[in-house]
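Novice: All chains should be modelled from the sequences, with the hints used to inform the complete structure.
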Amino acid sequence: MKQLGQVCAALRRKNRVHSTLLAGCCFFSVLLITAYGIMMRSPTILAVLPEGGDSRKQVLMIFVMAVIGCAMFTVYASGLFFRHRSRQTGILLALGASRRQLRRQLNRELAVLAAVSCAAGAILAAPLAWDIWQLFRLFVVDSAQMTLRFEPRAWAIALGFSVFVAVLLFAAGRRSVRRANIIETVQEVHRSEPIRAVPRWYGPLGIFLLAAGGLLGYLAPSVFVNLLHWYPPAGLSGLFYLPALAGLYMILLHTVVNGWRARHAYRDLIATSMMKFQGRQTVRSMLVMTLLLGGGLFAAFYTPMIGAGSMLSYDVRPVDYAYHFRADQNGPGKPQVEQLAAEYGVALTSWAEAPMARLAVDGSYQVEEEGPLGTTWRSVYAQQAQSVLVLSESGYRALTGEIVDLAPGQAAGVLDASGSGQGRFEPDATLFTNPLTGQQLAVTPAEPLCHDLLLGCYVLDDGDWAALSNGLTGEWREQMVFFNLENEEDSYPFARALFDRIVDGSGPEVAVLDGWDPIVRQRYLEEEGVYFLDPDQAEEANFPRMDYSQRDSSDFRLYWQYMPRFRVLDKADFVRTTAVFLMLFVFIGVLCLSAVIVIACTRCMTIALTSRPVYNDLRRLGAPGQYLYRSARSQVRLVFLTPALAGSGLILGFYLLILYFNDNRLTAGELAGLGLCLGLTAGVGALLWAVYRLTLGRVCAALDIRR
Amino acid sequence: MLAVNDLQKSYRVGKTSFPVLKGVSLTVDAGEFVAVMGPSGSGKTTLLNCISCYLPADGGSILLDGRDLAGLREEELAAVRNRQLGFVFQDFLLLDGLTVMENILLPAIIGGAMSQTVQARAEQLCQVFGIGAIQNKYPTEISGGEKQRTAVARALINHPLLILADEPTGNLDSRSSRAVIRSFEQAKQMLGATIFMVTHDSFAASFCDRVILLRDGVVWRTLEKGGMDRSAFQDQLLEAIGAMSREEEP
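Sequence lines, in order, name chains A and B. Residues 1179 to 1885 (the numbering used here) are what the first sequence spells out, left to right. Residues 54 to 303 (the numbering used here) are what the second sequence spells out, left to right.
Keep in mind that the hints are not guaranteed to be accurate.
[Unchecked claim] Distance condition first, Cα-Cα at most 20 Å in a straight line; then the derived EDC-like pairs of lysine to aspartate or glutamate: (1) A:K1512 to A:D1678; (2) A:K1192 to B:E194; (3) A:K1512 to A:E1664; (4) A:K1512 to A:E1666; (5) A:K1192 to B:D149; (6) A:K1180 to B:E85; (7) B:K241 to B:E194; (8) A:K1749 to A:D1668; (9) A:K1749 to A:E1667; (10) A:K1749 to A:E1664; (11) A:K1180 to B:D282; (12) B:K241 to B:E85.
To be clear, the hints were calculated from the coordinates, so they are not data collected in a lab. Note that this is a predicted model, so its numbers are computed, not measured.
Specialist: Below you can see the structure in the form of structure tokens.
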């Protein structure tokens, strides 16, 4: 051995476990990010996530979260690596090595480590993405549409992230050599991370701030908009969540330093004291872990929540098949449906249809104004504020079988089966207008009706309906159809064919989002010259474009105004419609959970390394193995258990808040979804417990503790 | 060899400054074995760290072989530590991933001075200090005394002008301490080494030619061994330390 490089190589061989850990973390983070990038840029997925749609934005947002999560655990892993190296660096400096010499050696090592781990991660990402996708196709859903195709440009993401990892490693390496302190090495000084005294009221105050911040952050936007008539600048509403973050920090600080129950003076002395003096960094790690776990669970909850709610809503629909089409379109009538049913060998057991008129109703709409404080709005009453679909009494009876007796001049709005307008419909119109003839009818609101498939419609007396709809052209008339089938569960091919028939019979003028309204459009065109929901404007206004060639995309299925509601189609295609989301959310869940595990493990190992002299002293003082084990376990448990409880509790509470305040109640579907989420949380808890046991074993080995 | 003149050093804690060395002056001649003793907080470790170039002094000068260390750049200080100084630490500071022989050769490797001659010198040092049989073992496989003798051999490998030892017997039992002090004596007698040792241990100090007593950041007294035997010199040391303690009492 003649050169410093050979010395470093020998030391590296001897301590290869630390290099392997860092390389493993870099490999894992590049692997996950590249795999995610490959999925995100895959033409298969881009076809399902139309440009400008919310879904694509969500995917991008999750990708950013994933990058942050991976960057975080790479930082933690490198921190642990350089902490292990600090003694070696200090000794070499003490013996006369220059920082430049050491930096050169470290850079060489890091270059090899980064190149090998990043290249391996980038190369193996494609098989990983492909394998997961194939497993998904094998066990969950498969279709020709789901053949995964790769876009070579996705590797630019791998390259970008690898460069980021390399820069991070070199910067951390440079910093570690610059900050290596000979005195600390020579005198075996351990840098403590003291925290100021934490009063016991930190815990209760933290809980209060967390609850208040969560509520404030959630309600602030609606207070701004509804009470102050002001659209605050982007990000301002987010600031109201800050008390929740501060509260979470205080809770964690209180947990680490004081604990929630009286501690045993002798048994908990070491664990409590150690945590007190390494508290700041530990609490910071725990805060990051809590947020990552919360983010991961939030993503993981998406599919069970949507799935349980949707499946339940499909089951309680009063008819198997429902669709509506504009009268000027080539929508299938009873003969065409019967013919198609015969082709597919299914038989209709009931048929009901009724004409609907699109009329204007009075109400208030918002006029936005730009001012020094940003955008404000004022409410303006208009006799023709928006349009609604209106049925006659007899039409409603034909569709539902329910007899409604309205007096002339009365109008009944239709709520969902549970009597809710689902936050988007208030049956309070007092004036109906024929938009073509201008004929008007003043009405008094009648007791609302309830029907899931007619939510948002109005019902008028037969005479009033006939008079008001007189003179409407096909563009303002629609036909609503309800029918049932024999053996409806087996009618998927028929449902699919009928769906295609409806889409094929629709012209470009009805390729519109469900919020598109001809009355509102008219007003916008008069006042601003353009209507933001028109197909040629939607994308610019960040709304998805309804494209008949992408009829299987989730945006089309969710937002097309004339999307038929066929139970068998909706149920069977639910997973397909949300498959991409499911995959992506599985990915983000895996990423966040991996980051949590790596941070927890590295933090525990750091605590173990820092505590080593203390445990040696305790052993010299005669502390039994069982005592040392319990004090180590107490610290490791705190690092795992606190973020696990805080993160899962936080996100379950937040979900509950969202679900409740959506419509001031919890529906059966939401409760079923919450049940699934609880199960999922238990699963994640079990995984964390297994990692906790493994880490505890490693910490005990590092501290040479035998029970 | 070493001349320390009016050395001053303070530590800052927040806005408060705590002076630790308040004008220490001393000299060490070539071939001398000098110890520094004093109560905790007297500034002996800070003095050693300043001479070792680990800490910059606030004032005064440190001349090593006539060259002032105060104005040197970091690269030059590293070169001084590598070629002109040798270090023996209380916790040995051997690298666990290297064998005893590799640890001994480390300063020569760092300095880019490896050669057959250096290898032969390392072998010779192993023989002198009685660690020849363990030269291929790793630090985790040898005793504390053997580790410290390895550290002494490592300190001597580059023919330094001065060996700086910080509590070299602090972590050792009496038998190992004796062996380490014996190795210092051998280094002085056989290799002409100059040794500057900080210690609390009056037994270890009693082997030195001269003992400098520090109190409150200044040299309180210097005791010369002269022709005295070791035991009598230790008694004199203990008496002086007692007197120093009595003076400190209110």
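Novice: With reference to the structure, classify each hint as holding or not holding.
Specialist: Verification of the supplied hints:
no. : hint               : verdict
1   : A:K1512 to A:D1678 : 16 Å, holds
2   : A:K1192 to B:E194  : 14 Å, holds
3   : A:K1512 to A:E1664 : 16 Å, holds
4   : A:K1512 to A:E1666 : 17 Å, holds
5   : A:K1192 to B:D149  : 8 Å, holds
6   : A:K1180 to B:E85   : 32 Å, violated
7   : B:K241 to B:E194   : 28 Å, violated
8   : A:K1749 to A:D1668 : 12 Å, holds
9   : A:K1749 to A:E1667 : 10 Å, holds
10  : A:K1749 to A:E1664 : 17 Å, holds
11  : A:K1180 to B:D282  : 44 Å, violated
12  : B:K241 to B:E85    : 8 Å, holds
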